[in-house]
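K.L.:
Residue-level listing of the chains:
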Amino acid sequence: MGAPSMSIDVARIKKDFPILGRTVRGGRELVYLDSGATSQKPYQVLDAERSFYETSNASVHRGAHALAEEATIHYEDARELIAAFIGAAPSNIVFTKNATEALNLCAYAFSNATALARQGAPGRAIDPRFVLSPGDSIVISEMEHHANLVPWQELCAKTGASLRWFSVDDDGRLDLSNIDALIDETTKVVSVVHQSNILGTINPVREIMARAHAVGAVGIVDGCQSVPHMPVDIADIGADLFMWSGHKMLGPTGIGCLYGTTEILDAMPPFLTGGSMIEMVHLEASTFAPVPQKFEAGTPMVAQAVGLAAAVRYLTDLGMPNVAEHELALADYTIKALTSIPGVRIIGPGSAVDRGSAISFVVDGLHPHDVGQVLDNEGVAVRVGHHCAWPTCRRFGVPATTRISPYIYNDESDIDKAAAGIVAAQEFFGVAK
Amino acid sequence: MNLESLYQEIILDHYKHPRGRELLAAPLGAAHHVNPTCGDELTVQVAVDSDGRLMIGYEGQGCSISQASASVMSELVTGLAPGQSEVIRQAFLDMMRAKGTGEPDEDVLGDAVAFAGVAKFPARVKCALLAWMALQDAEIQSGLLTQQSKDGDS
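Residue numbers (the UniProt record's numbering), protein chains in the order written: chain V, 1 to 433; chain C, 1 to 154.
Any given hint could be a false lead.
Stated by the list, open to error - Straight-line Cα separation of at most 20 Å, SDA-like style, residue types lysine to any residue; simulated pairs:
no. : chain 1 : residue 1 : chain 2 : residue 2
1   : C       : Lys120    : C       : Leu12
2   : C       : Lys16     : V       : Phe428
3   : C       : Lys99     : V       : Lys14
4   : C       : Lys99     : V       : Val24
5   : V       : Lys14     : V       : Gly319
6   : C       : Lys120    : V       : Val24
What the hints assert, rightly or not - Calculated from the model, a selection of chain C residues having no Cβ within reach of chain V, i.e. all distances over 12 Å:
no. : residue
7   : Leu6
8   : Glu22
9   : Leu24
10  : Gly39
11  : Ser50
12  : Gly60
13  : Ser64
14  : Glu75
15  : Gly79
16  : Gly83
17  : Asp105
18  : Val108
19  : Gly110
20  : Asp111
21  : Thr146
Just so you know, these hints were derived from the structure itself, not from any lab. Bear in mind the structure is a predicted one, so any value in this text is a computation, not a measurement. Note that beta-carbon positions come from the ideal geometry of N, C-alpha and C, so glycine has one too.
Okay, chain C solo, but in the shape it has when bound:
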């Protein structure tokens, strides 16, 4: 276990050069999540474009893991049909709960597989999950997702 396994190049790149880091003009739903142990904060907003595809807005402050995770997430789910984001979110959650065992599915997770090493650092798992949890709440708030899907994954 070393620093490089936690801080993959992709994570550092997204941290230093966050993608799509801005708020939406007309969000359908939004959620503000904090990590009360360390003070990380993130606002995630959702909307759909004229084709019914998902749009993401976000802004926040926090550690490299929480902010890079938001950036990677926004790239992954932008343009998806509403509901599809749940498949990726569930795969990300499974990866975080695997404590570094098992092989994450790169076809589903894309750049987010870089966070596999985070699962070996229990104190950092919440940092990586912050954006995904906020996304889920924003989607529920917007009506794009039902509460049942949230209740079902615990």
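One chain only, chain V, in its complex shape:
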């Protein structure tokens, strides 16, 4: 096993995160291992948001005053920086509330286009790729977060399309053996996760997107767990639409990002409508602004965009290849630490190959809630439950799992504390082997 990269100086990084200095549960040092749910925020992000409100706060894209101009520059500069982080142009990035909203924006493009086509909408160009009917299919996988499952179920219910999915093998990998049968001429959408939030698996999304495009389907990739943890080049993935959230990558809550190719974003009808997203408004009908404004109705999340840009700067300074290397080493360390405890079983890939550092496990004879409670008592914060991936839990025959998900501010000593807590839980409940 290689030691975590020397280029990530965890001790120095920790000093940037004020929350990591606090104690919990009667003076225990906080060991935060729940970054898959949300990451902590460094001073650089907190300061950027505060500074924006202190010096430049105003509504963007309107108003003739100095502050409005400055706020707009901050907002659009943030878009440029965030877009560049995945190798995209700023006009291909839409800000949303979170990744869930971004996925709903995509699903609603289909249901709105279908409704407009049924109704007949004079003067509206409706792209047939977004019009669904019975006989069409939507392809996802058995390891999707509910955010990349429920919107498609709803879309199927509204249009008569049917939902299909890639199954997951015992090692937590997608079974692609039937990809050509699964994604066929009936397929209109293929939407899969880049890196599973529950299993940690990194999926071969480039291959899946290529197959989607071969049948003329719109290809979507959920990047919530990949963008914060590894270098992502959107051109390399080949997705038409790609989304992630800001708060999992050191940024504030309340902002997510949707990438779309110009051609696809232009073809999609708007999701939320109202102010800021229009070109011309008459009482009878309206026309819409060009992308990305077409998808940004209402006052946007300006301070959050500024904060997320600061997070992007922070990660870029560390170097995403270094972040990925650090996490792979931690994944390897965690897998070995967990599997050395009798009675502990990892749910997901059992080796640090094509996987992230989010690692789910079950402990024989113990429910994840009880494991998490004992860890919490030791100051160790982990996620317990189904991780918004209930069908994935069912696939592995478990009601829930405990998940360790480290980030740049964690090192082996944190994993050691988690491992010691698991043994303490086994002893407390009398199930130690």
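Here the structure of chain V is known, so what remains is to put chain C in place on it, guided by the hints.
P.N.:
Positioned in the frame of chain V, the structure of chain C alone reads:
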């Protein structure tokens, strides 16, 4: 606040050795409740015996708190006259909402007073309540309890 205050001996004992954990042959009503944040599941069934006394069946999967609570509940309410279970359920609910303050009435709650410490852990309150909420719905479904009593306790 420590682990022992949450996981009382009685709770651990009921978790490891659940009482009356089986389904009824002929339930009058049943309810399946889940805790969607953690995936705990519980089915509670009710019936009455030849003397008109309450019978409980249950099965489920979940954490120690949710499963022990079901076991303790089944012991407490089995054999009661229909309706009497509401008195205990209300006392249990009050205890869970007291955030660890106040003195639960052991005469009413019996072994269920062991769950008093759970009230100090807000994330676990729903685990402890799962069985009692399912019982109430099962009783309403069976006609042993009216909907009004449910509407009245929120």
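K.L.:
Does each hint hold? Answer for all of them.
P.N.:
Comparing the hints with the structure gives:
1. C:Lys120 <-> C:Leu12: Distance ~18 Å between lysine 120 (chain C) and leucine 12 (chain C) Cα, so the pair holds.
2. C:Lys16 <-> V:Phe428: Holds, because 13 Å separates the two Cα atoms, which is no more than 20 Å.
3. C:Lys99 <-> V:Lys14: violated (34 Å)
4. C:Lys99 <-> V:Val24: The hint holds at about 19 Å.
5. V:Lys14 <-> V:Gly319: Measuring from Cα to Cα gives roughly 16 Å; hence the hint holds.
6. C:Lys120 <-> V:Val24: With a Cα-Cα distance of about 15 Å, the restraint between lysine 120 (chain C) and valine 24 (chain V) holds, given a limit of 20 Å.
7. Leu6: violated (7 Å)
8. Glu22: Its Cβ never comes within 12 Å of chain V, the nearest being 20 Å, so this holds.
9. Leu24: holds (23 Å)
10. Gly39: Nearest chain V Cβ is 4 Å from glycine 39 (chain C), so the label is violated.
11. Ser50: The assertion about serine 50 (chain C) holds, with a minimum of 37 Å to chain V.
12. Gly60: Glycine 60 (chain C) is in fact no farther than 12 Å from some Cβ atom of chain V, at 10 Å.
13. Ser64: violated (5 Å)
14. Glu75: Fine: 21 Å to the nearest Cβ keeps glutamate 75 (chain C) off the interface.
15. Gly79: For glycine 79 (chain C), whose nearest Cβ neighbour in chain V is about 29 Å away, the distance exceeds 12 Å, so it holds.
16. Gly83: Check passes; 32 Å lies beyond 12 Å.
17. Asp105: Per Cβ check, aspartate 105 (chain C) is outside 12 Å of chain V; nearest 27 Å; holds.
18. Val108: holds (27 Å)
19. Gly110: holds (23 Å)
20. Asp111: holds (19 Å)
21. Thr146: holds (33 Å)
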